[in-house]
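For the protein sequence lines, the chains are B and D, in the order given.
End of the first sequence sits at 2056 in this note's numbering; the numbers just go up one at a time, nothing left out.
End of the second sequence sits at 575 in this note's numbering; the numbers just go up one at a time, nothing left out.
Just so you know, the hints here were simulated from the structure itself, not pulled from any lab data.
Heads up, a few of these hints could be off.
[What the hints assert, rightly or not] Label pairs and their in silico Cβ distance ranges:
{"no.": "1", "chain 1": "D", "residue 1": "L272", "chain 2": "B", "residue 2": "L1978", "range": "44 to 52 Å"}
{"no.": "2", "chain 1": "D", "residue 1": "A546", "chain 2": "B", "residue 2": "E1983", "range": "38 to 46 Å"}
{"no.": "3", "chain 1": "D", "residue 1": "Y429", "chain 2": "B", "residue 2": "L1807", "range": "43 to 51 Å"}
[Stated by the list, open to error] Distance condition first, Cα-Cα at most 20 Å in a straight line; then the derived EDC-like pairs of lysine to aspartate or glutamate:
{"no.": "4", "chain 1": "B", "residue 1": "K1955", "chain 2": "D", "residue 2": "D322"}
{"no.": "5", "chain 1": "B", "residue 1": "K1809", "chain 2": "D", "residue 2": "E513"}
{"no.": "6", "chain 1": "D", "residue 1": "K530", "chain 2": "D", "residue 2": "E513"}
{"no.": "7", "chain 1": "B", "residue 1": "K1955", "chain 2": "D", "residue 2": "E467"}
In this text, a Cβ means the ideal position worked out from N, Cα and C, and glycines have one as well.
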Amino acid sequence: MILSPINIISSSVLLLLLSVAIVPLLKSNQRLLINTSFMLSSLASLLGIAGGVWAVGGGITNKLILPIGLPDLPFHLRVDPLAGFFITVICLLSFFVSLYSVGYIKGYLGRRPVTSLVIFYCIFLAGILMVVLADDALFFLIAWEVMAAASYFLVMFEDERIENRRAAFLYMIVAHVGAIAILLSFGIMAGLTTGFESFNGYTFDAMRQAEFPLKWATAAFLLAFFGFAAKAGVVPLHVWLPEAHPVAPSNVSALMSGVMLKTAIYGIVRVSFDLIRVFPWWWGAIVLILGLISAVMGVLYALMQHDLKRLLAYHSVENIGIILIGIGLSMIFTSFHMPLLSALALIAGLYHTMNHAVFKGLLFMGAGAVLHATDERNMEEMGGLIHRMPWTAALFLIGCVSISALPPFNGFVSEWLTFQAFLLSPALPSPLLKLLIPLGAALLALTGALAAACFVKAFGVTFLGHWRGHRNPRVHEADWFMRSGMILAALTCLLLGILPTLFIDWMDIIPEQLAGSKLRISAGEYNWMWLTPVAPERASYSGLIVFLGILLVVVAAYLVLHIRPGAIHRAPIWDCGFGKLNQRMQYNATSFSMPIRRIFGFLFNIKEQVKLTPRAVHKAFPKRLNYYLRIRDRFWNWLYKPVVEFSFRVSRKVGLLQQGRIQAYLIYSFITIIVLLVFSR
Amino acid sequence: MKLYRFIIEILQIAILLGVAPAFTGWVRMLKCWSQGRTSAGIFQPYRDLLKLFSKDVLLADNASWIFRFTPYLVFGTAVLAGAIIPMLSLELPIASTADVIVLVALFAIARFFTALAGMDIGTAFGGMGSSREMTIASLAEPAMLMAIFTVSLASKSTSLSQMVHVIYSGQTVLRPSIVFALLAFVLIALAETGRIPVDNPATHLELTMIHEAMILEYSGRHLALIEWAGMMKLFLFVMLGVAAFAPWGIAESGDIVAISAAFIFMVLKLVIVGIVLVMIETGLAKMRIFRLTEFLGSAFLLATLGMLSYFILE
């Protein structure tokens, strides 16, 4: 076997499947099982990283045909730079998460067997990799279903809780509605390729060769976009996401949010840029508008949450929106034949894909460490954890700063690139687009600022202040496996933030292949330190200098102020002389987001009640005060509830047929036969 | 030549550190006069800072490292921002490190950590300040970027030095889009620097505090750093507005005469901006926090109008 990217990546998939195979041997020793299988999966991830980096860096395209599957329909595998990029992203995060899992899953020991978790974890990873490797519609859909089914069982892992069962069920339904749409889309494309004559059109290669009439291409694109959007959690198809992601074990949440959603992004890019290739501008406009809506709505819903993992799940909706903004802009630029701008927007979207995988993985791992330590997901019952979990707090903070798009960390780089793409849109020939697209930049700015507010809340309420809870669990710091996974992710956040040119140089081959131009970022006297898309006089950013500059001033100020040893005195909090300050008087998650809830309240379905029980003496002295707040997703009532009610009504009507009496059933069969005989003589 | 440019850079940082308290002193002095009070003089902020630096630090029992790290970080971002905004000369060696978007983000880092520090102690005041500050910031930031984008559309660049260049080359006279953007910028600068009618820098009344509530628990050198950084922020917003809207006087070359002329121009502009600021502050009352959506919304609207008029009229 020759050494090539595709062989390395396939062996990584095989290694994952192998670790499933050895599970029955180790089932009796759960501790050994955890150690072995997660070590194997992190090894597989390293292999995947190597293959992916190689494929992108060398610009290599490899193919492989596996003679399995249906007769005459072999599986096609292919690695090109685009696939290599996504494989790198997936394996990067799965490497961190696998390390983390060694420590995290041990928390279940003695409580429940983890065999099924281990099995489906490995199958899930293998499924994600196969989706990206697939080069024909059949294998793609099989891999897609393997991924969906494995993640269904992972969401169901703690199935004694009703919320888990409900979330998993909802997830399964949305995943399948999406999968049907994708299947139909591939069906249209495969059929048109051969003129509905033979099955040979099912390979992506055949689709790449074909020319699609606009009408059919639009139908195929819209179906595929619908299917992938359902997987990615684009508003309004997002409702399953904040239900399913939080209830899964935290290492799985990290993978679901960090990389499973990315397969949908991969699908959108693959279908539009690679398979269909020629499209009108309004496809891009649809992607852009839905991206903007998802970004703003995602972050606003996130602000209203007080369940830490649910909050993070809503932020996935937001970040998928930001990624889609980049991709939508790139599609618009491509349709007007502006390769350089298209490359800029595509790089912005893909860079954010990578960034989001890393920081969202980090944040979910941090939330998992908190859950592991306190057995609590509700932020209102937390506080002051920075003293008892210093490592987790510092690493979670890095994740917060990254996702809030603050320099010098990575989230800022991709957001900055997206802003630059927005600001170059006046070059478009259409006056309408010229006017409207820059307004999108304002929504992106709003998203960034609200995300910062949300993570001040998330970090501030969870880790700062005093413990708010009624229970007092024995909080412990995460162990070294969990810590190492988080430390590596945090370092990656910093590296992606301060050395973006290295990474963009590496992935520059992707826009060259898909959009027709490279984004030459290091031009002229501007070397690898400066990120200069388009031209240095247009805009430039150096994360490294920002990082070093802040560090320099901070260290200098610290040293200057500590020449003379100044004393630090510790004292109790000043309570204005009343002496009755307690931890329930702190701001909590609900009160922190109150002003924003008031301002943007019209977007939610809010029910708020205050009940005052007065004291007998005088009504000015309340005995107790009950505050009730319920915030619902409006989309649930608008879109989902009618569908649910309709299907229940239909099934009740159909259920009337079910009598439970054998005579009735025999009559049904008899009538059916008669009808068939009459109509199909 | 290279060394010479670094000298200008250091000179500019020195001016930032040195002049910012004087500007705050000037604003306070004017305010005292306008309200019929006796002022403590333009140098009072220096005396305040010196006093705070010489005092010991008093920390709450449960203050974490975030609380102690924040003052240094806030100070650091302010100094870095000062090294990037052209005040005296366009020949700044590290100006290309950051464009306007990065500058806005630099202020955002400082705000992010100040808000965290406000929640660190676990008092109601701190949390209240953080919550309000982040709310206002999330409304102000889009408007701020829209105002700046309008200017950058005209100059086809988001780099501040390049914007100044374009204005110098005479392509931008008083255009309607720039006027709208300037109006929006003034409203947002009032919000971002915590002036009346958004926040009152002189208040310690719990219902009206925003920025002060977050830093209520600080003392000694920590407070000094934060106060100093606050003065620098006000100064930098003036300089940012000047560079984007009225850069005349900033030296394009690096010779001594041009730099000194630029310094004199800068002082003159500061004097004028101080007077305007005090007129705004004495003329208006502080707004209720939920009225701020209208205030910042109109800033956003003005910025959007500026952008639309750029496309339609120019």
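Here is how each hint holds up against the structure:
no. : hint                           : verdict
1   : L272(D) - L1978(B): 44 to 52 Å : 50 Å, holds
2   : A546(D) - E1983(B): 38 to 46 Å : 30 Å, violated
3   : Y429(D) - L1807(B): 43 to 51 Å : 33 Å, violated
4   : K1955(B) - D322(D)             : 16 Å, holds
5   : K1809(B) - E513(D)             : 33 Å, violated
6   : K530(D) - E513(D)              : 18 Å, holds
7   : K1955(B) - E467(D)             : 18 Å, holds
Of the numbered hints stated above, those contradicted by the structure are hints 2, 3 and 5, listed in ascending order.
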